[in-house]
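Since the structure of chain A is already known, use the hints to place chains B, C, D and E on it.
Chains as they are written, first to last, in our numbering: chain A, 78 to 179; chain B, 102 to 693; chain C, 31 to 658; chain D, 5 to 490; chain E, 2 to 179.
Worth double-checking, as some hints may not be accurate.
What the hints assert, rightly or not - Distance condition first, Cα-Cα at most 27 Å in a straight line; then the derived BS3-like pairs of lysine-lysine:
no., chain 1, residue 1, chain 2, residue 2
1, C, Lys-560, C, Lys-402
2, B, Lys-476, C, Lys-55
3, A, Lys-178, D, Lys-350
4, E, Lys-79, E, Lys-90
5, B, Lys-473, C, Lys-190
6, B, Lys-473, C, Lys-55
7, D, Lys-350, A, Lys-167
8, C, Lys-560, C, Lys-475
9, A, Lys-167, E, Lys-86
10, D, Lys-350, D, Lys-37
11, D, Lys-104, D, Lys-350
12, C, Lys-560, C, Lys-395
13, C, Lys-395, C, Lys-475
14, C, Lys-55, C, Lys-190
15, C, Lys-395, C, Lys-190
16, E, Lys-79, A, Lys-167
17, D, Lys-37, D, Lys-104
18, A, Lys-178, D, Lys-425
19, A, Lys-178, A, Lys-167
20, C, Lys-402, C, Lys-475
21, E, Lys-90, A, Lys-178
22, E, Lys-90, A, Lys-167
23, C, Lys-190, B, Lys-476
Said to hold, decoys possible - Derived contacts from chain A toward chain C, CB cut-off under 7 Å, selection only:
no., residue
24, Val-101
25, Asn-175
26, Lys-178
I should point out that these hints are in silico values taken from the structure, not numbers from a laboratory.
Bear in mind that the values here come from a model prediction, so they are computed numbers and not experimental data.
For every residue, glycine included, the Cβ atom is placed at its ideal position computed from N, Cα and C.
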Amino acid sequence: MSTASMEAALLLAGILFMLGLLSVLIRRNIIFMLISVEIMLNAAGLAFIVAGTRWVQPDGQVMFIFILTMAAAEVSVGLALIMQIYHQLKTLDSDAANVMKG
Amino acid sequence: MILLWMIVLLMAGGLLAWLSKKWHPVLPRWIALFALLTDLALAVWIWLSTPAATLGTSPWLIRLEIPWIPQWGVGFSMALDGLSLLMLMLTFFLGILAVLISWREITTKTGFFHFNLLWVLAGITGVFLTMDLFLFYFFWEVMLIPMYFLIGVWGHANRNYAAYKFFIFTQASGLLMLLSILGLYFIHGSQTGTYTFNYFELLNTPLAPLAARLLMFGFLAAFLVKLPVVPFHSWLPDAHSEAPTAGSVILAGLLLKTGAYGLLRFVLPLFPTAAVEFAPWAMLLGVVGIIYGAILAFSQTDLKRLVAYTSVSHMGFVILGVFAFNEWALQGVVMQMIAHGLSTGALFIIAGFLYERLHTRDIRQMGGFWAKAPKMGVIALVFVMASLGLPGLGNFIAEFLTLVGSWQANNWLTVFATTGLVLATVYSLRIMQKVFYESAPTDRPFPDLNTREMLIAVPMVVMILWLGLYPQPVLDTARPALIKQLEAYTPLPEQQIEVALNVIPVDSNFTKAMVWPSTSNSQKSPLGIGALDKEGGRGMKGRQENMKAYPQNTYPQNTLLTDVNIPLTPFKGGLKTSKGDLKMIRKIKPRP
Amino acid sequence: MADLLWLIPALPFLGAVLLVLFGTKLPRTVAGLVGVGSVGISALVTIILGMDFLATRPAFYQQEVWQWFSVAGFSPSIGFHLDALSLVFIFVITFVGFLIHLYSTAYMADEADFSRFFACMNLFVGSMLVLVMADNLLLLYLGWEGVGLCSYLLIGFWYKEPANGYAARKAFIITRVGDTAMAIGLFMLFQLFGTLNIQSILSDAPQVWPVGAEGALLVALLLLGGAVGKSGQLPLQTWLPDAMAGPTPVSALIHAATMVTAGVYLITRMFVIFELAPVAQLTVAIIGAVTLLIAGFSALTQYDLKRVLAYSTISQIGYMFLALGVGAWSAGIFHFMIHAFFKALLFLCAGAIILALHHEQDMRKMGGLRHKMPVVFWTFLIGAASLAALPIITAGFYSKDQILWYALAGENGNIWLYAAGLAGAFLTSIYTFRMVFLTFYGESKTHLEHPPGRRITIPLIILAVLSLVGGFIELPHNFGHVVLFSDLLAPVLPGISASEVLAANEWLFQLLAAVVSLGGVFVAYLFYIKSPHLLHSLERSPAAMRLHRFWFSGWGFDALYDNLLVRPYVFFSNLNKRDIIDSFYTGLARMAEGFHVIFSQTQSGMLRNYVMGIVVGAIMILTISLLL
Amino acid sequence: MTQNDFLHLMPLLILTFAALIIMLVIAAWRNHKIIYAITAISFVAAFLSLYELQDVQAYAIAPLFVIDGFAVFYIGLILLASLLISMLSYAYFEQREEQKEEYYILLILSSLGACTLVISTHFASLFLGLEVLSVALYTLIAYLRSRERSDEAGIKYLILAAFSSAFLLFGMALVYFSTGTMTFSGIAAAMAGFQELPLLLLTGFGLMIIGIGFKLSVVPFHMWTPDVYEGAPAPVSAFIATVSKGGVLGLLIRFFMEVDGFRYPVLMLIFTIVAIASMFAGNLLALMQQNVKRILAYSSISHLGYLLVAFLAGNQMGVEAVTFYLVAYFITTVGAFGVVAMLSDKERDAELMDDYRGLLWRRPWTATVFTAMLLSLAGIPLTAGFVGKFYILAAGVNTQLWLLVVMLVLNSVIGLYYYIKIIAVMFQQTEAGQEPLQKLRPSILFASVGTLSLLVLLLVGIGVYPTALVSLISSMLETFHPVALR
Amino acid sequence: MELTFYIAAAVAILSTIMVITRYNMIHALLYLVVSFMSVSVVFFTLGAPFMAALEIIIYAGAIVVLIIFVIMMLNMTKEDIQREKEWLKPSVWVGPAMLSAILLAELVHILTTSNPAQTEALVAVDAKLVGLALFGPYLLGVQLCGILLMAGIVGAYHLGRQKKKVIHRFLQERSAAA
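This is chain A alone, in the form it adopts within the complex (with noise of 0.2 Å):
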């Protein structure tokens, strides 16, 4: 694979970390930021591995599996506590949960 590539790589983890990052800015909906969250810690781990593949080194796959486990930890968390917080507010909406402001 070229240079060009590479630097295409990163590219495409920056375009799918701003994607992500929109999406937590637009969305109200609790569990798409949880989910555009994700896209953005996937888009991370991406360019983990391009930068470990640039350097030809194992590092980078490396962070990129630490990346998977922190993802799985905070969506099992976040996952229970969408759960309470539906119980608690019958929404998903996050900008019902304002109680505390000022």
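Relative to the frame of chain A, chains B, C, D and E by itself:
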């Protein structure tokens, strides 16, 4: 070690007073009183055991050095000179009075009250003693919190606002001072390699002009706000009027003095050149303060607020004097610190007495109390007169010396400052008029001072009279310290000449006679305007004829001069400070 | 002998202290005894000292009681200096003071605050003595302010009346204005001489300043400022008429005989400086001349007995100033002494009348008292005659004549000053006898309470005698040429020589003065006894009415100061009652609160906004990275 | 892994085992007291195990960790804070109905995460430490499930933390991409090789700052702070404010010092802006706030701004100052939240101003403690906060960061207002008489009262005699690798 | 290879866009699976086949499935979809989109202007290498991963536990009836 004990005694006394509330409700008062009496006794003992004459050689009487945070060059360094000693005695004296006036006034949380009272005093004592800038800042801040509580817990209706304001003003300015302290610390450290906060080592740190100016402003910020100088005064009326009587007394009598003390102790010796540059502005601020405070005082209807603004006015004299850089002015400042502490403290005490009886501070609801309480009237009169600077009372000496000194430095500003005396009369008499004159608006019973209150008031009267009639012990005590502060001001070339002149005996009508004819043409008046009349009019001739009109021998010249003991002993800066005179002196110099 | 010096002021002070401390507990008689006794003993000491002084004729007595303080060569002492000038003053103060104290025991007998009165009076006498005996200007200043305080306290003695308090404050404040000028003068003196010791200043001044030196002029003018304030001269004269709010003995002692002449004393004391500043000296003369006229006109129009006397006092002090201004030092002092006698007498008489008439002071409600109070009438008449300077018999004639003479013939005199003095003399005798006629003649209008007792009449008689014979110690050339008084003062004060040309015709001017004063009496007689309708018709003309109002109000000075100084001061002071500077700080606080409100909008509690915050932060950081 | 490695990682291992043991114990026998005892003992044991490490000379467990004096000090600090918080938690949760036991597992794990952070020398360990800390915190924040606010706080924290972690990761990836290494020293070496920092690397750092800044809750990544502090149980708020931030700050210092980020004006500028903005935003937001927990949250934002001032000084004195201030801040914050926890009841935490009205008269002792804490936050003498602030100012003045220093002063003044506002409320006179002392069980009494007393003692002790701490810090920093390097 | 990469990249971007614009959550998740799969193809082209597998197993498999489970437990309805539609109004997304666009532009700018990478040939880093690294230098990291998962599990357990019934039984019955 005695210095440390003074502070420890107060702090320990404070804690004990707080705790002792549990055992007996009156115990805190006695403990506080006892602690302060002991301290006063210690201070007076030091004073009496060091005769004024021995103060002359080195200004320092006692010094104490204990390492504290050696890594930073911070030591528990304390020293006592005449100035501190005077301030200490004032502190303990007013402290005792503060305890006494709170005897009936403060009924809630007496333990905590006395804790705060003693800790404020401990902080103030520390400020007056410490010779380490870190420690100085430490104590500077230590006195704020208890003071804040004194105002905020036991104050009058609007106490919270006043307490905030007091606290924020003093803190803000204090932090600026801290920056300056640090700046000085690092500059000194980088120059000498020893990083230390020790005052004695930091003295004579060579500073670039800009650095010196900035550092000085940091110090000034703290001291000018504390003093307070217009336009940084606006915390004062609120704090003073809302505080309980004891708080007002301590605020006016002592806290403000820490600002003046700081100017004397730190600003003058640490930043000689910058201070000289700034002096005209500082004096201007003083004058503005004198007049502005007086005008504001006049319009107040709240008695304590009125007195508070008089403090603003009176403290204007302090800064005026400090930046005049001569011994008269500095002695005046010291006297002003003490006398104002007593007189304004006393006025607040009287306001407290009135408040206890009437539950108002509004002078529109007062009047005619002379008939009902003549003793209070007389005592109030004494302090009102002190406040307007009546000779024979301490404040007069203070203000007169200050003005004499500042006149040497700046004529016009002194003229304006002197008008403050008139304005002082205007507001002071208003107190008498509204409170003690006219007829009483109500027929409410108004008991005269009782024994306890007389016990508070009479010593103050005695003190203020003593200061007014025989202030010499005080002046002597302060003198070596002040001379020391002035030493930083290496004489300018002109002044050196003048010192030389002083060697010539100036009983010397002879010298002068020799001088005059040769210089009368170029003679300039002290105001720097050309002389009006030289040969016109009656001229010399007429005057000589007049001299004939009374025989010369009625003036036993020599005895007279020795009697009053004037120019024979050379004194600095006094006789010949005006430029014109100096010119003249230069001219004669080559002659002999 | 000099060792006794301190006793003279100390005794009244002691009396004052005793009265302050124990006044309320002492019985009235004891309090009175303390009050009168202290001054009496002081007078006794004065007389003993005075005899000794006159016998031995030393240059001065001097005593330093203690060193007041000493700062860097500035070492004023609490020390006394007695020379002939002071002697005259302390004699008048203690002696007249004693008489007035004595009189007061009767006059104030019914007052509740009996001891307070005597405490203040004693304090006053003590301060006044310090003033005239001080050997340095600072101590003089102490006495100077001390008498101001006592004046304040005594004017406001009946404090329940707000107007009295106002008058008292006015007196204090206006004199303080003058004092401030004087204080600045002291600073200058100290700067130049390195001391405030009077004698050394006087001896050094000619060396420091040539005649006409600007420094001397400034110092002289500043001292004059003090003098003008204390002595109720133009432009600071407005307080004195109002000061009559105090009890009458107070008016007699403080606002006629002694304190108000402190200015005269000061100028005389510092005469060397004034001589070195001819302009200042001329100013003194002009002030005196103008004041004596203005006050004379005002006195003409007053109805309040005491106010007439007050304006008369201003006017008479104007004469003294005139004398000092032309260099007739001893004449000024002589007039001071004589004035003290007859003015004290007049006030005391007035007091007796007022007391007898239930504190009625309006002359229009008096009248016909001649037969009801013969002693008072006669003594008053003597005093009036002396005031009006009726020739030959009264002391006032000799003292005033001397002033007029030197105003014309003295080396600094001129015709204008003389004319003013002469016109003043004419006015003086008109208003004086207007007063006599209104009070004692005509029909009785108010019921008389009780005739004055002996403690009142004795001082009157003594003073009356002095007002008559006091003048004989100093007679003009052509009248036997007695110069006892000026001889006494000669070692202290320079003499004055009259122009040779005029001296030959001195009798002519004396005659003129006599005629003028008698003319004044006649005019008064004409208007008030002979044909009152003349007066009525005059009063009806609008111009006269306006003039009357103008003079009555003291030439509008009060209104002028009120509008120019007092009201603006009060207005601006009240305007700024809440302290405009404070609003800057409260504004800062408001601003912080405003920021708080704005910032707390960002804490919306909405997750998306928080995410947005992070994104904005990211953009910011990336932008910075890109730009730098 | 050698035996030595184990020895040096002993504190962390103890914590790990403690977590496991607690899980086992829970499975066998749910008992709050026992679980708590195990927790406390493990913290103490972990802390004591540091004794062995006190003279450690930068022991590296390549490539992930290094144990040096700095790390030991920070671990000790974190462990002590955790211990105190666990004591407060015990008293706090004992009175709640929720299942309490899991709390301790999570507390231990998140302290472990924080400890990992401060010994990290590699992106991987950095990331994992951070995530262990965060993931445990998600649950801790939402621990009181019956409270609506708790869940809300939890989800806010979770989404935002994950979001910022993504930034952090992406940034790391970029850094890795441009340098080819993920160890701090390697990055430093690579950076030293560059004439000018490549834009990609700089961007990587920038994105990492977002992740770090979020955890430090500095402006503009601060917005979650008040909501989370308010929603979380009081001890957890204390934990976030102290341990979490302390760990991240330790990491930041290590990383920044290692790569010597102070050379790069861009990074300095970013941090300067962030510091100033944090001070202002924190203080201004707290100014009129009526909720005490939110006030403490905002104040923590501004305090981080203060800390950054010393951090930006960038020399040994700066690190010392940060460390010292952190100690003071730990004590104070734990104490303050401890008081909040102590005053809280079953339904809600004592967070409104009204809960504190007249506290001095009702519960003088508690009020005094709280006052001391607030004064320390305000930097008033006789408290550790004063010396800390002094130290920071000194560090700032020393490196002539005048702008920052002046801003700090200005903000200290603004800050005063709301601290003393709370004090003023506590000192207000109320009609209510002194409350009867609560009849607490001795264990709870010991846990809460004892902790608070200890904190006050420490606070005043350090405030009056800071020498010991100062010398301890400087001796510990002697082996701090980056500093020793320079 | 290169073509594969670009196709996969395009699919990834497109499917991600679909994810973030879907109203129906299940649809979005299905697109997400597509996105993850295409990313795994990218991994493969980048020479990380092991990661490609993990991506599919864990992301597309475990995580997405977990989410779908939860969605099913929460019982999403048509109204929810409608509501999503309402929420996703232009007024809501234009601003954030602009911000993201700025950020993206900056990022693209940075990525394209930065130094070209030096490696010429693509060398695959195979699973063995990764495994060696994982259990060599990153051993402690792996252990930390375990701790991380433990924290996640304990947390999820605590939070996900069925809540104690705090509502009165009577009320509960009524709400069940309603």
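Hint by hint, which ones does this structure get wrong, listed from lowest number up?
none
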